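Residue numbers (the UniProt record's numbering), protein chains in the order written: chain W, 1 to 296; chain V, 1 to 332.
Hints are computed from structural coordinates only; laboratory data are not their basis.
Take these hints with a grain of salt, some might be off.
One side of the interface only, derived from the structure: several residues of chain V facing chain W at Cβ under 10 Å [claimed, not checked]:
hint, residue
1, Leu51
2, Val63
3, Met64
4, Tyr65
5, Asp69
6, Gln73
7, Glu75
8, Asn131
9, Glu132
10, Pro135
11, Gly226
12, Cys227
13, Gly228
14, Ile316
To spell it out: a stretch of chain W is covered by chain V in this simulated footprint if at least three of its residues, at any positions, have a beta carbon under 8 Å from a beta carbon of chain V; those stretches are [to be verified]:
hint, stretch
15, 54-62
16, 80-90
17, 244-250
18, 255-266
19, 281-292
In this text the structure is predicted, and so the values were computed from the model without any measurement.
Built from N, CA and C at the ideal position, the CB exists for glycine as well.
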Amino acid sequence: MINVQQLRDRAKELLESGEVKYVFGWRKGTFWYQSPPVIISKAEDADKLIWDEFCLNNLSKYLLDYKNLDGKIAIFVKGCDSRGVNRLIQDQQVKRESVVLIGLPCPGMKDPQLAREMGESKLNEVPKIEKCAQCLTPNPVEYDELMGDEVAAGLAVEERFVRVQDLESKSADEKYEFWQQQYDKCIRCFACRNVCPACNCRECCFDQSEPEWLGKRVVTAENQFFALTRAMHVAGRCIECGECERVCPMDIPIMSLNKKIIKDINGLFGEYDAGVNVEDKPPLGRFDENDPEEFM
Amino acid sequence: MKIIKRDKLKDLLNSFAKNAQTLAPVKENDTIKFLPWKGQGEIDLSQNALLPPKDLLFPQTEVMYRYTDGGVQGEITDVAAAAERQVIFGIRPCDVRSLTMMDDVFMTKGYEDDYYKSKRENTILISLGCNEPQPTCFCTSMGIDMMEADGADIVMYDLGEKLALEPKTDAGEQLLNDVDVLEDGAAEKPVAKECQLKADAEGLAEKLAQMFHHSYWEDLSRTCIGCGTCTYLCPTCHCFDIRRKNIGEEGFQFRCWDSCMFSEYTRMAGGHNPRPSKKERVRNRFLHKLQYFPERYGKVACVGCGRCVGKCPVNIDITRIIGELREVSVDE
């Protein structure tokens, strides 16, 4: 594990020298199994920074709040955070030169719920949280400087769509019933959308009231419209950080939907991993003469 | 006092359900929620329900009336009917307190909300004392007794193998007399374990009245993602929006929960938004709980249930905030 002091010193240096105006990192939360995000602007606050087994949050989304900042932001990036930054760069929300990326190879974060149940003395036995167990890119894919040594590759490619296989084996009616059950739980808090680096529209269609695309009633039809519209909107752009599913208070398996779409896109347009290489155009954002056109 | 063995609980609920819609904490898909008791299901009294019971009196989506759209000939066809009797079984003391705050909002200060009132007056509350709090619980800091529940019709204690029920109102007494699966008995009230999380909001409202423009709100809101998890899981948050849905020549008016965390919450017809960023929205949420509500109703609008503490994706923790607000200097 990377020494926490190293993080703090670097943050302090960057803030003191004036090279950056803000540093995005993680702090210690209310409980020992929580390390939520922190945004600091003063060198003396650098000591709040932490790097431990519970730095789950993807920090990239916060860059949207500082789009018009006159100055730079330093952001600690795990694999998923760096893909999130690339997502925002590709979507022309953030300029590469306005961020200093400090890479942190990520061993995979632990499941706070299980940690809470198992107790602090069994910290070493606490398994990875699902989103990290599913991670393909634990090492930062883009950075200006790297702390510590790269870790072994993440999930084997053949395991990537295991969750999808379960779903695919269902009949159409079973699939419908499954997703209806899941999205009937939705309370429409929009945590999934708000945490997602791919959801970066200036104004989300779900927030518009004239015209009112999404009705405010929390009923099956509206919930499904919300779920499917969002899934299709992030199609080809989802960086698989799994934050949507982690933050869902109702435990809806949102990543199963996203992964199914990724699998289909990969099958139709060739292998593509969103946010890994900023130069690669998203499959639904480009045209190729060899694209399948079975519907024509 | 009446006693029932835990394995006879279903019989008790079946008895209640004969005469009234009976809602009990049931585990469904790994989540505990208050669901209508239909004789089947896994009653789970191990910890509080994830979703607060406010939905049973103030539904997330509620049709108010229906109409036909015929210009001046249009007419209102169907106003929501008066509520039927309901029994809420196993509601925790914190949530009972939250309903008394809902009562303040929907039934006092010269305005009575018929939709709420009709349900409330037909509701019987059977509380369940908490022997052991969750790590996120801090109800005792909010002046709540983990065993008792002012406002409940029947107070229930968890004695392990058995549950003891003590009627507190005539309606509660009547309800217990009407069922035949209970035994008379006496039991000692269990002693609750202490809440680990603490907060002291006493007298904070006066300080907050001078802190509207404080830099604290900017700092606090930085990591908020602006979702509505805290407000929708909160048993005291009660904001709603009223909308219409037209289908051909007919339509209906409905209301649904709303959240001060959302951008369109205060957006006006011309597009102006007096709370343009999350700083103003987060500030509103906490000032509403800790200043405006106490000023209007004489109590802090938090019951220490800990749902927001447990589920906030970025650990914006009201107990920490209360502590920090106590510490900061008003002039900053």
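Status of each hint after checking the structure:
1. Hint status for V:Leu51 relative to chain W: holds, with the closest Cβ pair at about 7 Å, below 10 Å.
2. Residue-level restraint check for V:Val63 holds (minimum Cβ-Cβ distance to chain W is 9 Å; threshold 10 Å).
3. The criterion of a C-beta within 10 Å of any C-beta in chain W is not met by V:Met64, whose closest approach is roughly 12 Å, and the hint is violated.
4. The criterion of a C-beta within 10 Å of any C-beta in chain W is not met by V:Tyr65, whose closest approach is roughly 15 Å, and the hint is violated.
5. Nearest Cβ of chain W to the Cβ of V:Asp69: about 17 Å, over the 10 Å cut. The hint is violated.
6. The interface hint given for V:Gln73 is violated, since its Cβ lies 26 Å from the closest Cβ of chain W, which is over the 10 Å cut-off.
7. The closest approach between the C-beta of V:Glu75 and any C-beta of chain W is roughly 23 Å, which is over the 10 Å cut-off, so the hint fails.
8. Look at V:Asn131: its Cβ only gets to about 18 Å from chain W, farther than 10 Å, so that hint breaks.
9. About 14 Å separates the beta-carbon of V:Glu132 from the nearest beta-carbon of chain W, more than 10 Å, and the hint is not met.
10. Taken as an interface hint, V:Pro135 checks out: its beta carbon lies about 6 Å from the nearest beta carbon of chain W, inside 10 Å.
11. Interface restraint check for V:Gly226: the shortest CB-CB distance to chain W comes to about 5 Å, inside 10 Å, so the restraint holds.
12. Because the closest C-beta pair between V:Cys227 and chain W is about 4 Å apart, less than 10 Å, the hint holds.
13. With 10 Å as the threshold, the beta carbon of V:Gly228 comes within range of chain W, its nearest partner Cβ sitting at about 4 Å, so the hint holds.
14. Given hint, V:Ile316 at the interface with chain W, holds; its Cβ is 8 Å from that chain's nearest Cβ, closer than 10 Å.
15. For the stretch 54-62 of chain W, the stated coverage by chain V holds: 3 residues have a C-beta nearer than 8 Å to a C-beta of that chain, and at least 3 were required.
16. By the rule of at least three residues with a Cβ nearer than 8 Å to a Cβ of chain V, the coverage given for the stretch 80-90 of chain W is violated, with 0 such residues.
17. Closer than 8 Å: that is the beta-carbon criterion, and the stretch 244-250 of chain W has 4 residues meeting it against chain V, so the requirement of 3 holds.
18. Remark: the stretch 255-266 of chain W is not confirmed as covered by chain V, as 0 of its residues place a Cβ nearer than 8 Å to a Cβ of that chain, below the required three.
19. Figure legend: the stretch 281-292 of chain W, annotated as covered by chain V; annotation inconsistent (0 residues with Cβ-Cβ distances under 8 Å, at least 3 required).
In the structure shown, a violation is registered for the earlier hints numbered 3, 4, 5, 6, 7, 8, 9, 16, 18 and 19, in ascending order.
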